[in-house]
Amino acid sequence: MFRLTRPLLQQVVKKTTGITGLAVHANPLPELVRTYESTLTTLSTIPKTSVYRQSAEALTKHKLDIVESANGDITSVERQLDEGQIEESLDIAKDELKVAENMLEWKAWEPLEERPPPGQWEYFGNTSSPAS
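Those letters in the sequence shown? Residues 8 to 139, per our numbering, in order.
These are computed hints drawn from the structure, not numbers from a lab. Keep in mind that the hints are not guaranteed to be accurate.
Simulated restraints, written as ranges between beta carbons of each label pair [as the list claims (entries may be wrong)]:
| id | residue 1 | residue 2 | range |
| --- | --- | --- | --- |
| 1 | LEU29 | ARG86 | 13 to 23 Å |
| 2 | ALA30 | TRP128 | 39 to 49 Å |
| 3 | ARG122 | GLN87 | 37 to 47 Å |
| 4 | GLY91 | PRO125 | 35 to 45 Å |
| 5 | PRO125 | GLU90 | 37 to 47 Å |
| 6 | ALA30 | LYS105 | 17 to 27 Å |
| 7 | GLU90 | PRO118 | 26 to 36 Å |
| 8 | TYR130 | ASN109 | 22 to 32 Å |
| 9 | PRO54 | PRO123 | 20 to 30 Å |
| 10 | THR23 | PRO125 | 51 to 61 Å |
| 11 | VAL31 | ARG122 | 47 to 57 Å |
| 12 | THR56 | GLU129 | 19 to 29 Å |
| 13 | ALA33 | PHE131 | 40 to 50 Å |
| 14 | LYS68 | ARG122 | 32 to 42 Å |
Every residue gets a Cβ at the ideal spot worked out from N, C-alpha and C, and that includes glycine.
Using the sequences and the accompanying hints, generate a full structural model.
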């Protein structure tokens with residue numbers, strides 16, 4: 008009759024994440040794809056020379072590729088992303104989108120308005136200073 012695969016069975020059986028404040032998402036993969044695509048759209052408005060854009064874009068594209076190649080297999084996505092349950096991955100993706108929006112607002116890629124005071128960038132014995 009019906010043969011339930013593990014991902015389908017998990018979606019039917021899973022009633023809680025077991026994490027306080029983190030509810031089970033009814034359809035997490037499409038939401039995860041939308042969130043990653045929103046992040047990539049936001050990142051595309053940051054200059055290409057920004058190191059933040061380059062690294063965040065590479066990471067988000069990698070995660071999006073994992074989700075899209077899983078063909079709806081939530082267990083596979085959870086295993087490959089290695090961020091815990093799929094709801095946790097969705098939470099992380101939403102946080103990454105917020106950070107990208109904040110970076111866009113802060114314009115962190117622009118040079119400093121004022122030269123930093125001597126010693127501000129010295130830590131753990133590193134005495135080099137950034138170009139400003």
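Each hint, compared with the structure:
no.	hint	verdict
1	LEU29 x ARG86: 13 to 23 Å	holds (19 Å)
2	ALA30 x TRP128: 39 to 49 Å	holds (43 Å)
3	ARG122 x GLN87: 37 to 47 Å	holds (45 Å)
4	GLY91 x PRO125: 35 to 45 Å	holds (44 Å)
5	PRO125 x GLU90: 37 to 47 Å	holds (41 Å)
6	ALA30 x LYS105: 17 to 27 Å	holds (19 Å)
7	GLU90 x PRO118: 26 to 36 Å	holds (34 Å)
8	TYR130 x ASN109: 22 to 32 Å	holds (24 Å)
9	PRO54 x PRO123: 20 to 30 Å	holds (22 Å)
10	THR23 x PRO125: 51 to 61 Å	holds (54 Å)
11	VAL31 x ARG122: 47 to 57 Å	holds (51 Å)
12	THR56 x GLU129: 19 to 29 Å	holds (26 Å)
13	ALA33 x PHE131: 40 to 50 Å	holds (47 Å)
14	LYS68 x ARG122: 32 to 42 Å	holds (36 Å)
Of the numbered hints stated above, none is contradicted by the structure.
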